[in-house]
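Colleague: Chains as they are written, first to last, in the UniProt record's numbering: chain S, 1 to 456; chain L, 1 to 456.
For the record, the hints were derived by calculation from the structure and aren't laboratory data.
If you're wondering where the values come from, they're calculated on a predicted model, not measured in any experiment.
For glycine and all other residues, C-beta sits at the position ideal for the given N, C-alpha and C.
Check before you lean on any hint, since a few could be wrong.
Cut-off 27 Å, straight-line C-alpha distance, at most; resulting in silico cross-link-like pairs (DSS-like, lysine-lysine) [what the hints assert, rightly or not]:
| hint | chain 1 | residue 1 | chain 2 | residue 2 |
| --- | --- | --- | --- | --- |
| 1 | S | Lys305 | S | Lys90 |
| 2 | L | Lys228 | S | Lys38 |
| 3 | L | Lys27 | S | Lys166 |
| 4 | L | Lys68 | L | Lys310 |
| 5 | L | Lys27 | S | Lys305 |
Computed footprint of chain S on chain L, listed as stretches where at least three residues anywhere in the stretch have a Cβ under 8 Å from a Cβ of chain S [what the hints assert, rightly or not]:
| hint | stretch |
| --- | --- |
| 6 | 28 to 41 |
| 7 | 90 to 104 |
| 8 | 157 to 167 |
| 9 | 426 to 436 |
Number of protein chains: 2
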Amino acid sequence: MKLHFLPLLALPFLSNAQSNIDSLFIKKMSDEIMTNGKAYDLLYELTKKIGGRLAGSPQQQNAIVWGKKSLEAIGADKVYLQPCKTPNWKRGGNDYVAIVGVNGEARMQPLAAFALGNSLSSNGLIEAEVVAITSFDELEKRKDEVKGKIVYYHSVFDPTKIQTFKAYGESGAFRRAGASRAAKYGAKAIMIHSLSTAPDNMPHTGSMTYDEAYPKIPAVALGPNDAKMLFGLAKSGPVKVQLQTYGFFLPDADESNVIAEIRGSEFPDEFITLGGHLDSWDVNEGAHDDGAGIVQTMEVLRVFKTLNYKPKRSIRFVLFANEENGVRGGNEYANQAKINKENHIFVFESDEGGFTPRSIGITAPPAQLAKFQSWTPLLKPYGSEITTGGGGTDIAPMLGVNKSTILAGLIPDSQRYFDLHHAKTDVFENVNKRELHLGAVNMAAIIYLIDKYGVK
Amino acid sequence: MKLHFLPLLALPFLSNAQSNIDSLFIKKMSDEIMTNGKAYDLLYELTKKIGGRLAGSPQQQNAIVWGKKSLEAIGADKVYLQPCKTPNWKRGGNDYVAIVGVNGEARMQPLAAFALGNSLSSNGLIEAEVVAITSFDELEKRKDEVKGKIVYYHSVFDPTKIQTFKAYGESGAFRRAGASRAAKYGAKAIMIHSLSTAPDNMPHTGSMTYDEAYPKIPAVALGPNDAKMLFGLAKSGPVKVQLQTYGFFLPDADESNVIAEIRGSEFPDEFITLGGHLDSWDVNEGAHDDGAGIVQTMEVLRVFKTLNYKPKRSIRFVLFANEENGVRGGNEYANQAKINKENHIFVFESDEGGFTPRSIGITAPPAQLAKFQSWTPLLKPYGSEITTGGGGTDIAPMLGVNKSTILAGLIPDSQRYFDLHHAKTDVFENVNKRELHLGAVNMAAIIYLIDKYGVK
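Input sequences plus hints: build the corresponding full structure.
Modeller: Right, here's the structure in full:
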């Protein structure tokens, strides 16, 4: 965090005087945010007064109203709702999984479990033997054993991956596609090891999708300790499990992205967007995922207004309606941008938790990336830098509007994220105020720099 | 955390082949620690089975026994106790502070408070008006108002300092020296705003010292919310406070540093030391401060043994007996090193919490620092780098043994440390397993590199 890289990193695009002005303004924003920042208080409201915000839930409707009112209170040239349909999945009941037999002997051992988001009801109690496997390759080899069974995928995180999102990407394949892969061979249900890094037994939900070609069998995630125990038992002999889930869909809900806009003074037709997603899973308060991104986005607007910063370009602060189980908010935002032929030069998301920031990740061609990386010395005092590769699920559809749109995202430290991601533990108490606000500092800094110097 | 600095940072001291061997071995250590690391389990034992470990307490005696047994179980060429005397301060009772009058009107409002470590009993109830000040300059200007009063120092952290240790250093002056500065002008007691970054009302204790020239008046730290409330009241009119504390000293205790040693195969007379301190305050479990440093030190020994790493130089793994209120452990270690004319080339401490590592901080002359900084690419995959400036309270006395000894320390992210440092909240539950173990990875890496390549 010391500035010892400075001698090696020249600032090819900025004069020293300019860089000094930027450094002072970023410091001013940082001082304001670290002293008077409101992100933490707003997060308290969103998590404790509203709560979990699954798309289609009354809480999500309340969150949209709260978001609009809060953005209006901060102030923008306009604050408006952008209507969109969202999926309307309901868990439907208390998911139930229990071991009822081991090696032919009766047992009754309930397991911590959540049905996966979008998964459908078991339509009553299922009882079947477990086929425990560790990979899709193994599934293909053992496909003849699967019929009438419950497939358990031992989707443990690789603990040696220091970047936990990489481990999540790999193990996540079983959550996303495991049900239909097993249903193809006649499985009655699937279970996975929760996508978790925590040394606890909390189950983690998360979205899955069915392949329409196969029966839509129930799918659950088990608490890590229970999952490991089950896997151990299943290796040494037959294990029988009972399972009941209740998932169903209501008709799509009418919801909205919430958008605040400041019109640019010089290039009003060049848009910069930053945002996070307002929805969460039903099992927690969605504090890190993605309450943090929501309130950081609002804080950037607040600090710009408080310091009377007048952007050259038009800036949109977007609370996306639905990411978790459909990305309908992001898709509609891109859809409207296309219809209105908007020119989006830079789209930024914070959706990796409100942890201490490590970098601003930017996906851009080499020449542009070099320009952005020349700003690293301006971010170093705030524990950050510019790294290559970044974006977010809500903003990815913007590439369909304009291929040269640059996607970027806040990259916080990732060690704690998958301890609580989609688990009951993603609550306000597990967000640290200074870490959350320091993320907002880095977001304000990059939006300011992009606004001032553009992307070319 | 991406390696985009690589092209700019050559490796002037290592060939590519050598660097590749190092990179592979560090990866092997990281994989072992992140998969099978025992630091977290050891921390559970230290915090939950032993608990808070104030020097002189039975818990601290138990911790010494536990430390020796645990190091022996891991295995070293020798494990031994190095006796030292430690201070034996006792809190003596439940510290009591209450507002009893505001603007001449009676009130009864207890305040969250801890007596400062080493502070002495109030010898009964003190009741006096508050003089609230924000600096020692103000104390000097208002010295005539202080006689017979209770001085309150509004020692709030500067929230704009991103490196929280800097804010701690500044505000800490009032905790360390505030009592005698006020006693000089006749104050009956002092109170400070707890040295805290947390948005809560937890009081934070910590060590203070008396100037023998003045009366040894009681000294307490108030919970942040109560302190701010008191400060607000005191600005608008007279506030009367009651205060009672019970601190006293027993004769110095007989304790020990716990030391495990591996003898070097090529340069057995060149010593590398790493360590943390075993003692803590009485009000918490000392989980981050400094249980983390203790178990990380033990984990480095464990990974060396597990991977059968035979060091060239002699390495000492030291659990220092007493840092918090006397640095007696570190002083005795330096004293014995001097008596035995040992050649210590590198001394390392982890005592800034078990948070995600940001860098290895090294205090060294420019030429040596350049050598160490050439290793940054080897640490980048583990979220770290080599930065200038580092050390620790326990190891600072080693400069008195040999001026060319290089001091270094683990620099974790500092955003959360002063939320819980010396407060009731410094407990096992607030330590994250991956963050703790990733710190040990970085420690193992730097000790390995220093052992292999020396410091010159």
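Colleague: Under 8 Å between beta-carbons, do enough residues of the stretch 157 to 167 of chain L, three at least, approach chain S for the coverage claim to hold?
Modeller: holds (count 5)
Colleague: Quick check: do three or more residues in the stretch 28 to 41 of chain L have a beta carbon closer than 8 Å to a beta carbon of chain S?
Modeller: holds (count 5)
Colleague: Holds or violated: Lys228(L) with Lys38(S), Cα cutoff 27 Å?
Modeller: Measuring from Cα to Cα gives roughly 19 Å; hence the hint holds.
Colleague: Given the hint that Lys305(S) pairs with Lys90(S), does the C-alpha gap stay at or below 27 Å?
Modeller: violated (39 Å)
Colleague: Between Lys68(L) and Lys310(L), is the straight-line Cα distance small enough, at 27 Å or below?
Modeller: Holds, at roughly 21 Å.
Colleague: Lys27(L) and Lys166(S) were given as a pair; does the straight-line alpha-carbon distance stay at or below 27 Å?
Modeller: holds (16 Å)
Colleague: If you look at each residue in the stretch 426 to 436 of chain L, do at least three have a Cβ nearer than 8 Å to any Cβ of chain S?
Modeller: holds (count 4)
Colleague: Given that the stretch 90 to 104 of chain L was listed as covered by chain S, double-check it with a C-beta distance under 8 Å for 3 or more residues.
Modeller: violated (count 0)
Colleague: Are the Cα atoms of Lys27(L) and Lys305(S) separated by 27 Å or less?
Modeller: Not satisfied, since the Cα-Cα distance of roughly 47 Å exceeds 27 Å.
The structure fails to meet hints 1, 5, 7 from the earlier list, while all remaining hints are met.
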